[in-house]
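From first to last, the protein sequence lines stand for chains P and W. Quick note on numbering: numbering that gives the first Met the number 0 labels position 75 of the first sequence as 74, and the sequence is numbered without any gaps. Quick note on numbering: numbering that gives the first Met the number 0 labels position 378 of the second sequence as 377, and the sequence is numbered without any gaps.
I should point out that these hints are in silico values taken from the structure, not numbers from a laboratory. Keep in mind that this is a model prediction, so the values were computed, not measured. Just to be clear, a hint being listed does not mean it is correct.
Said to hold, decoys possible - One side of the interface only, derived from the structure: several residues of chain P facing chain W at Cβ under 8 angstroms:
{"hint": "1", "residue": "P101"}
{"hint": "2", "residue": "I128"}
{"hint": "3", "residue": "S149"}
{"hint": "4", "residue": "K153"}
{"hint": "5", "residue": "M181"}
{"hint": "6", "residue": "N182"}
{"hint": "7", "residue": "N188"}
{"hint": "8", "residue": "A193"}
Using N, Cα and C, we set each Cβ at its ideal position, and we do this for glycine too.
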Amino acid sequence: MKILIVEDETKISEYLRQGLSEAGFMVDLARNGLDGHHRAMTESYDLVILDVMLPRIDGWKILEAMRDAGNTVPVLFLTARDGVDDRVKGLELGADDYLIKPFAFAELLARVRTLLRRGAAPAIETSLIVADLELDLMRRRVTRAGQRISLTAKEFALLELLIRHQNEVLPRSLIASQVWDMNFDSNTNVIDVAIRRLRAKIDDAFERKLIHTVRGMGYMLESNDGT
Amino acid sequence: MRRPLSLALRLTLLFSISAAIAFSAFGWVIVQSTENHFKEQDGDELVVIADAVQAALLEIRTPQDITFLEPRFADILVGHHDASLYVAGPDGKALYASEGPDLSAVLRPVPNGSAANSVRAWNDADRSYRVLTESVYKRAETTSGPYAFAVAVPIDDHVRFLASFRRNLSLLIVGSIALMSLMGWIAVRQGHVPLHGIVEQIRHIRADELAVRLSPDDVPAELTELAISFNEMLERVDEAFHRLSDFNADIAHELRTPIANLMTQTEVGLSRARTADEYREILYSNMEEYQRMAQMVGDMLFLAQSDNRQQEGSIAEFELTNEFHDLFEFYEGWADECDVKLDLTGTAKTTGDRRMLRRALSNLLSNAIRHSPPGATIRVNLNVTETGETRISIANPGPTIPAEHLPRLFDRFYRIDRSRQQSDEGVGLGLAIVKSIVNAHDGRIDVVSDNGCTQFVITLPAHSVSDLSSE
Chain P
0 MKILIVEDET KISEYLRQGL SEAGFMVDLA RNGLDGHHRA MTESYDLVIL DVMLPRIDGW
60 KILEAMRDAG NTVPVLFLTA RDGVDDRVKG LELGADDYLI KPFAFAELLA RVRTLLRRGA
120 APAIETSLIV ADLELDLMRR RVTRAGQRIS LTAKEFALLE LLIRHQNEVL PRSLIASQVW
180 DMNFDSNTNV IDVAIRRLRA KIDDAFERKL IHTVRGMGYM LESNDGT
Chain W
0 MRRPLSLALR LTLLFSISAA IAFSAFGWVI VQSTENHFKE QDGDELVVIA DAVQAALLEI
60 RTPQDITFLE PRFADILVGH HDASLYVAGP DGKALYASEG PDLSAVLRPV PNGSAANSVR
120 AWNDADRSYR VLTESVYKRA ETTSGPYAFA VAVPIDDHVR FLASFRRNLS LLIVGSIALM
180 SLMGWIAVRQ GHVPLHGIVE QIRHIRADEL AVRLSPDDVP AELTELAISF NEMLERVDEA
240 FHRLSDFNAD IAHELRTPIA NLMTQTEVGL SRARTADEYR EILYSNMEEY QRMAQMVGDM
300 LFLAQSDNRQ QEGSIAEFEL TNEFHDLFEF YEGWADECDV KLDLTGTAKT TGDRRMLRRA
360 LSNLLSNAIR HSPPGATIRV NLNVTETGET RISIANPGPT IPAEHLPRLF DRFYRIDRSR
420 QQSDEGVGLG LAIVKSIVNA HDGRIDVVSD NGCTQFVITL PAHSVSDLSS E
């Protein structure tokens, strides 16, 4: 998977490159609008991360040029201003998602993965399986090692989210927004409590733990037997 | 828009116009009554003569009698200074003509019935007269046609007197109007002196002297209101100013703590070589501080935008019951662990930005859970008042908040106990955000705390979707 980052701030762009490379992506970095425009128009990428405040050619122009040329590659734009105009403008110009600086890297990674998945044809799934845990999506049933586990609707949704993003760190804010539609920081440990309760049901009784806490960042469901 | 006329000019104009109207009316009445007086006087004199002439004419029996008339007419005129008489016979020939103007011209257009016995003005050879013409019919007379006569008195003196009277009166009136205008202007200028005094006082108030107040007792009664409302405005500005500088100090203070933590940790960490685990520990700890700062900046940005009503708004009508259902679902696990129950009664709809209101309600609910003792029940009540307002009340048992803190509870970074700063309490902007969101919806929020129960009440006006989206 090849990603183009167009970002003029040296520190952020370096860390983005490092972080995304370590997450297994091939990353190209353009440090100004002109270079970014050129690369976006001539090379082929799976995703473009675009800062909108750029010298010479701003992010909007690049996005416009790409869409005018019929380039449908997913675009995630970064904006420092928490303004209405930016978001609306970006989405109107055909961007797929946006993040407001400062953002958590885990959040960016989760969004990048979601955008990359969006391109793939959605498989009609009836169940999700991780190790010995199975989610029956049709009947909303969960079994682990053949044992039936009863979950509430929200616990089920939380587990489904974790499994769909397995091996990805999910920040608390993303979990709150995806599972409960709470799009703000609640300043509480609601998510921690919810995860603890979910763990009590699916992990506590078993030797192998699936849900892991990534300190300072969020939670992750690990499918590969790392230990 | 054109600048309105100055007050001095307005008042002076008003004075002048009213003086002009009053004096002109006064002058007109005087001139009219003087004129009428003269008219009546002349008329009376003419009627006396005319009655005598008529009586003499009626006494004529034979044509010979006519010859006796001449001395009789002369007699009649005696005592009437300057009066003239002209009498014509039925044949239209002059029977008598006194000295003075030729009155035959007055009679020539044979006066018909309506013109008879009328007093009117008449001019002859630069002189003005008032004349009375009359016809006398004699039943016994065989000859056709009436006798006719005209009496005139000169009125030149009266006319002259009236002309000069009018002139003098006009001059007097114009002079008075000018005087009144001048007086008005002076009065207005004088009246504005206290205003200039206030302006001088206000001019000297600087940003660091907002505690200065105007003294309402030292200004005229009319300006007391102005002084008082200006003082009230100063009060609000002063308060906002202090709040703002407190806010600045608070931001500095709030940022100083995490920055100090970061610096110390990093410095100590770098002071000698450490194991990877130790570095990781420092980075984790730093990240917590960063997250805290990022959240604070995000909250402050949200507040700034919400205060300026710059939030993106998807305004819609929605069920608050559903909102609380979702919020309870979100918080139930945590509430459960805190051994706090959530209870919802009533239903209500409202119109507004659902995401923003959800954030406000979530902040209140999390506060309530945080401050409730174990075993408590948080009661949420929704209802619609008779006036169509939506009331959302969130009440929780818990320590009573001292009354002096209540008004400032919604201030940014305000904490009841300044020394205490719980790590899970956020950055002290939660209630400020709630108030800001409620304000953006033209609503209000009140808080009551007594007998171990704290209750927040949000009142939202009965809006239609168009009311809010047009803002």
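Comparing the hints with the structure gives:
1. Here the hint on P101(P) is kept, as its CB sits about 5 angstroms from the closest CB of chain W, short of 8 angstroms.
2. At about 26 angstroms, the closest approach between the beta carbon of I128(P) and any beta carbon in chain W exceeds 8 angstroms, and the interface hint on this residue is violated.
3. Among the interface hints, the one on S149(P) is violated; its C-beta lies about 16 angstroms from the nearest C-beta in chain W, farther than the 8 angstroms criterion.
4. Because the beta carbon of K153(P) sits about 6 angstroms from the nearest beta carbon in chain W, less than 8 angstroms, this interface hint is met.
5. With a cut of 8 angstroms, the hint placing M181(P) at the interface with chain W holds, because the nearest CB-to-CB distance is about 6 angstroms.
6. For N182(P), the interface hint holds, since its Cβ comes within 8 angstroms of a Cβ in chain W; the closest pair sits about 6 angstroms apart.
7. For N188(P), the shortest C-beta to C-beta distance to chain W is roughly 6 angstroms, which falls under 8 angstroms, so the interface hint holds.
8. Checking A193(P) against chain W by beta carbon gives a least distance of about 5 angstroms; that is within 8 angstroms, so the hint holds.
Violated hints, in rising order: 2, 3; the structure is consistent with all others.
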